[in-house]
Amino acid sequence: MQMMNRISITLVLLLQPSRSMAFLNINPSSAIATLRTGTGRPVSNVMSSMSSVSEGSPVNSVKNFIASSSLASDYAIRINPPVFTSHENELGSGVYTSTWHFHLLDSWEPNSGRVDLSALNDCAQPTMSESTPDRISCSWEGPYDNQWYIEIDAKGVDLPKELACIMSRIMVQSAASHIATIHDPSSLLHLTVPTTTGETFQEFQCSQLVPTTGEGNDIGIRQLFQPLNADYANMELVDAVNQQGEILGSLPRPFVHKWNILHRGIGMIVSQDASILDGGNPNVYVHQRTDTKRIFPSLYDMFVGGVSCRGESPEVTAAREVAEELGLKGALEYQQDVTRFNPLSPELFKCTVCTAYNRCVVSMFTYQCMTDSESISWQEEEVQSGQFVNYDVVEVAAAISIDRLAQRDEWPGVAFEIDASEISENVANLKKQYGNNQVWESWDFVPDGLLVWVAWLKWLNSKTV
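Positions -22 to -1, 1 to 443 (mature numbering (1 follows the signal peptide of the UniProt record, and there is no 0)) are the ones given, in order, by the sequence shown.
Hints may contain errors.
Capping the alpha-carbon separation at 25 Å, the derived lysine to any residue pairs in SDA-like fashion look like this [to be verified]:
1. K441 / K236
2. K307 / R267
3. K139 / R267
4. K236 / A252
5. K133 / F179
6. K133 / G70
7. K307 / S253
8. K441 / V367
9. K139 / T174
10. K133 / R267
11. K307 / Y335
12. K236 / E360
13. K307 / M348
14. K410 / A252
15. K133 / M106
16. K236 / S51
17. K271 / Y335
Distance windows between CB atoms, simulated [said to hold, decoys possible]:
18. S164 / T349: 48 to 56 Å
19. Q362 / K441: 29 to 37 Å
20. Y122 / M348: 36 to 44 Å
21. V61 / E302: 41 to 49 Å
22. E302 / T442: 13 to 21 Å
23. L82 / H235: 18 to 26 Å
24. Q183 / H235: 28 to 36 Å
25. I197 / Q103: 35 to 43 Å
26. T349 / K441: 44 to 52 Å
27. Q103 / T349: 45 to 53 Å
28. Q362 / I197: 35 to 43 Å
29. S164 / A301: 14 to 22 Å
Just so you know, these hints were derived from the structure itself, not from any lab. Note that the structure is a prediction, hence the values are computed from the model and not measured. All residues carry an ideal CB built from backbone N, CA and C; glycine is no exception.
All chains should be built: construct the whole structure from the sequences, respecting the hints.
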């Protein structure tokens, strides 16, 4: 690997009033970490005060029933485990009650980290205060002849009505998962759930509402959301998750975007011929979005990314997304025939990305594109150009792009300072090495992708110490 002059980038948490700030699951009291880029690999240590990125783990629903947290709209949500009250005269039956507390994100002052991830982490702690006017309770009573009665109490909350109805249906699914675990997934469930104008009564088999691990039975979820929005109920379903990426329940994707609900997805770096994990310095694929995209038109991205469908494993999401976005089908073919070459890495780590328009627990992968057997063909409505770019160049271009966002007060992640003279020197060296025919130093990258990029650098650093 050829060593270049390094750019010293000091990362500090940016505690601005904007709720768009977010990055990894890092404690906001963490002070400084230093990354050095422009070398093909970051090499310096990350301070021990910054928590390590969690290693990959299978996607699952919540089974331990301990306090956890999530995010939706202007709220950080504390999810309390169910409390059981037995019926004195009926052996084995009783009432379970779980209360979700909705804390306004405005409660997190700027000097204590008024940011989504700070709230997300705080709400999962046992010492978190539960004094809040907004609480929704879900009670499930039974069993009575293999039947359970689930009721939501959302009366008197100040949440927007539609949001309260959505989260109530997520709570119902969490209750169904609990019933399936402790009793019987074939149980009949009698539901009383709120609508924007009152309440409705529905019946389901428990298994219809339990998160699936593959293509499955979506009809129950669609019927559950039918009273809220019949059009949305027929659209793609995705999974709402807690801070660990565990599935709380499923909902139509438009609701996720409308209310910025924490969900799950994938990010992926595509390398040319060589694996980026082997210590080499391969080219990585960078593409430019079309100028007709609703969000971030014409911006660049060094990742393939996408949202996981209901019950879809991260590996399946990754294989599907790279096939859809870039026409690379090697991972899909491997999943159908494991004797073939698998270009997709295992899940490397998870990070949480939160912005004003997107909150996602991202599972990270790499993809080794063997150009003698695969070629990239992108969707014209999604991508206007793309090319393999040297890793060194991407590092420096990303740092410059982050700096431009920070200068405009638009960077949603950690703040950092860079030496302009070192940047100029590195740009000159890279231009000399790779030619002057590209203007990559002017590329503006998608902010979400840059957040995942910083998580990627941090994960690589953790592997070198």
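Is the straight-line distance between the alpha-carbon of K307 and that of R267 25 Å or less? Roughly 21 Å between the alpha carbons, so the hint for K307 and R267 holds.
Is the hinted range of 13 to 21 Å satisfied by the C-beta distance from E302 to T442? Violated, at about 33 Å.
Below or equal to 25 Å on CA atoms is what counts here, so check K236 against S51. holds (8 Å)
Has the given pair, K441 with V367, been kept, meaning a C-alpha gap of at most 25 Å? It holds: about 23 Å lies between the C-alpha atoms, which stays within 25 Å.
Compare the distance between the alpha carbons of K133 and M106 with 25 Å, and conclude whether the hinted pair is satisfied. holds (23 Å)
CA of K139 to CA of T174, is that 25 Å or under? Roughly 6 Å separates the two Cα atoms, so the pair holds.
Would the pair K236 and A252 pass a check requiring their Cα atoms to be no farther apart than 25 Å? Judged against 25 Å, a Cα distance of about 40 Å means the pair is violated.
Would the hint linking K271 and Y335 be met if the CA-CA limit is 25 Å? With Cα atoms ~15 Å apart, K271 and Y335 stay inside 25 Å; holds.
Is the hinted pair K133 and R267 satisfied, with a Cα-Cα distance of at most 25 Å? violated (45 Å)
Cβ-Cβ distance between S164 and T349: within 48 to 56 Å? The hint (48 to 56 Å, Cβ to Cβ) holds, given that S164 and T349 are roughly 51 Å apart.
Range first: 44 to 52 Å. Now tell me if the beta carbons of T349 and K441 are that far apart. 26 Å Cβ-Cβ, so the 44 to 52 Å window is violated.
Satisfaction of the hinted span 45 to 53 Å by the C-beta atoms belonging to Q103 and T349: holds (48 Å)
Checked against the numbered hints given earlier, this structure breaks hints 1, 3, 4, 6, 10, 11, 20, 22, 26 and 29; the rest are met.
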